[in-house]
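K.L.:
Residue numbers (the numbering used here), protein chains in the order written: chain A, 1 to 268; chain B, 1001 to 1268.
Hints are supplied without guarantee of correctness; some may be wrong.
Chain A stretches covered by chain B per the calculated footprint, using a threshold of three residues with CB under 8 Å from any CB of chain B [to be verified]:
#1 211-220
#2 231-240
Here are some chain A residues pointing at chain B (derived, C-beta under 8 Å) [as the list claims (entries may be wrong)]:
#3 Thr-13
#4 Asp-116
#5 Val-117
Simulated restraints on C-beta separations [unchecked claim]:
#6 Glu-1141/B - Asp-116/A: 25 to 31 Å
#7 Val-117/A - Asp-1182/B: 38 to 44 Å
#8 Leu-143/A - Gly-1241/B: 41 to 47 Å
#9 Phe-142/A - Asp-1026/B: 38 to 44 Å
#10 Asp-26/A - Thr-1122/B: 38 to 44 Å
#11 Arg-23/A - Gly-1027/B: 40 to 46 Å
#12 Glu-1141/B - Leu-3/A: 41 to 47 Å
#13 Leu-137/A - Asp-1116/B: 28 to 34 Å
Derived by calculation from the structure, the hints in this document are not laboratory data. Beta carbons: idealized from backbone N, C-alpha and C, even for Gly.
Spelled out, the chains give:
2 protein chains.
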Amino acid sequence: MTLAEYDAHIAVTAAEDGVYAARLEDGWRVGGGVNGGYVLGVIGNALRAASPERPDPLVVSAYYLGPTVAGDAVIRTTPRRVGGSTATYAADLEQDGQTRVTALATFGRLGDLPDDVGTTATPPDLPPPEECLGNDLAPPEFLEIAPIQEWVDIRFDPASAGWAIGRPSMRGVLQGWFRLNDGREPDPISLLTVVDALPPVTFDLGRMGWAPTMELTAHVRANPAPGWLKVRITTGNMAGGMFEEDCEVWDSAGRLVAQSRQLARQPR
Amino acid sequence: MTLAEYDAHIAVTAAEDGVYAARLEDGWRVGGGVNGGYVLGVIGNALRAASPERPDPLVVSAYYLGPTVAGDAVIRTTPRRVGGSTATYAADLEQDGQTRVTALATFGRLGDLPDDVGTTATPPDLPPPEECLGNDLAPPEFLEIAPIQEWVDIRFDPASAGWAIGRPSMRGVLQGWFRLNDGREPDPISLLTVVDALPPVTFDLGRMGWAPTMELTAHVRANPAPGWLKVRITTGNMAGGMFEEDCEVWDSAGRLVAQSRQLARQPR
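Let the hints inform the model, and build the full structure from the sequences given.
P.N.:
See below:
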């Protein structure tokens, strides 16, 4: 058995105490940088290694200080409080001696949480994946700019995919199905990648450029069931050159397994 | 002219480089701890002192590691990246030598942002303040537990105040008007307090206990106009012993000036 490609891409190697080496894959590039969700998966994987007794991210906040690029990276983790059921860490991802991402995170054990589910949010209403628009339909010049499209299988709801033909809905909503292209099933770490894997929600507002994330906080609320995930991203506050992007991730059992919000700069 | 009480309560005194002394006021107590939004205002004020050229919080993420109590506190700030228009800091609030809150924050100058406003979110529809239910109507035993009520003037929308008479709407929404009781007008720092100043949204789900915040991230998107603020908090994902609480703060000019999301433990 070989590792799934995603697992190989987020793999970390323990160096000194709390310090891990990783190699950011060029395949997760979007424009000039590496996708922020993929980088969050790498940081989450380093923290999982640092926190074997509480291996699941409950909440992670990442501040993107500079562009991450393909190649070697070092993740330095520092425990800030280790309690009974949860532990909070700081983590820095460095490249070329510079901190590119700094993060705080609280880890725990999702399987040990009480099993109450009183979710009142409702999942995206999507046509079946085969009736949606696959990201493999993107034009070659887009794949060149964003090779990340090779690693993810996204099926966009036709109702929020008008941007692909120059007719954005202007509602500020993108939604669709998501899975990793290598067949790897979702887990709490990969959800950190999923919350930032779709194109910026600003595509649906007719702004087709790259939108750099300033900060992203993700809550992981349950172990996801195997299978397709439903993902919806929305924005309601494009103002002052920035916007917020909220993401919900629902698993195949209908559970809201992750929520995130990011603050990003508007595309130029 | 004397300082507004709020300004006195969040005041910090520079000690060594990047380190500030503060005194947490007992008046902001809620149950056994000090209100997390007030503490966020104190941390924000220390960061404003540390960042005079970029004095406005754009985004702050706080991880609550242990209960903050009335009395002396030390805030240690560390620049993580100082750029042109923004600067990112780490900050720890310590009491008795223990870190009680650790935070990351990016500061800038709200007045320098572009003036585009494409907000599609809509403000809460509220009756005028005089037709709402003031928090001064709370029973004396509640004021004893939560003296914070003396410092804030909240007028709850009757439609989301049923919890006060044992009839929560069960929608997971609380909304109302907000101002500081001392007449101090809102500013970017006080907005950090406003986003966590209402009772937990779980009151509207019939859960009247205290809901400890694990993490709270606030985006401050514009300088608020003077006057009453409209505040709405919502939740959609009560599950696994936790819930998320989203907050929107709208100013008297109708601008969405702050948004926050927190992850909290459900009341017992």
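K.L.:
Now look at each hint and say whether the structure bears it out.
P.N.:
Status of each hint after checking the structure:
Evaluation of the coverage hint for the stretch 211-220 of chain A: fulfilled, as 4 residues show C-beta separations to chain B shorter than 8 Å, against a requirement of three. For the stretch 231-240 of chain A, the stated coverage by chain B holds: 6 residues have a C-beta nearer than 8 Å to a C-beta of that chain, and at least 3 were required. Given the 8 Å rule on beta carbons, the hint for Thr-13/A is violated: about 25 Å separates it from the nearest Cβ of chain B. For Asp-116/A, the interface hint holds, since its Cβ comes within 8 Å of a Cβ in chain B; the closest pair sits about 6 Å apart.
With a least beta-carbon distance of about 5 Å to chain B, the hint placing Val-117/A at the interface is held under the 8 Å criterion. Checked against the hint of 25 to 31 Å, the C-beta distance between Glu-1141/B and Asp-116/A comes to roughly 29 Å, which is consistent with it. The hint said 38 to 44 Å for the Cβ distance between Val-117/A and Asp-1182/B, and at roughly 43 Å that hint holds. Between Leu-143/A and Gly-1241/B the beta carbons are some 43 Å apart, a value that agrees with the proposed interval 41 to 47 Å.
Checking the proposed 38 to 44 Å range against Phe-142/A and Asp-1026/B shows it is violated: the Cβ atoms sit about 58 Å from each other. Distance hint check: the CB atoms of Asp-26/A and Thr-1122/B are about 43 Å apart, consistent with the given range 38 to 44 Å. Evaluation of the 40 to 46 Å hint for Arg-23/A and Gly-1027/B yields a failure: the beta carbon distance comes to about 53 Å. Between Glu-1141/B and Leu-3/A the Cβ separation comes to about 59 Å, which falls outside the hinted range of 41 to 47 Å.
Between Leu-137/A and Asp-1116/B the beta carbon distance is about 32 Å. The supplied range of 28 to 34 Å therefore holds.
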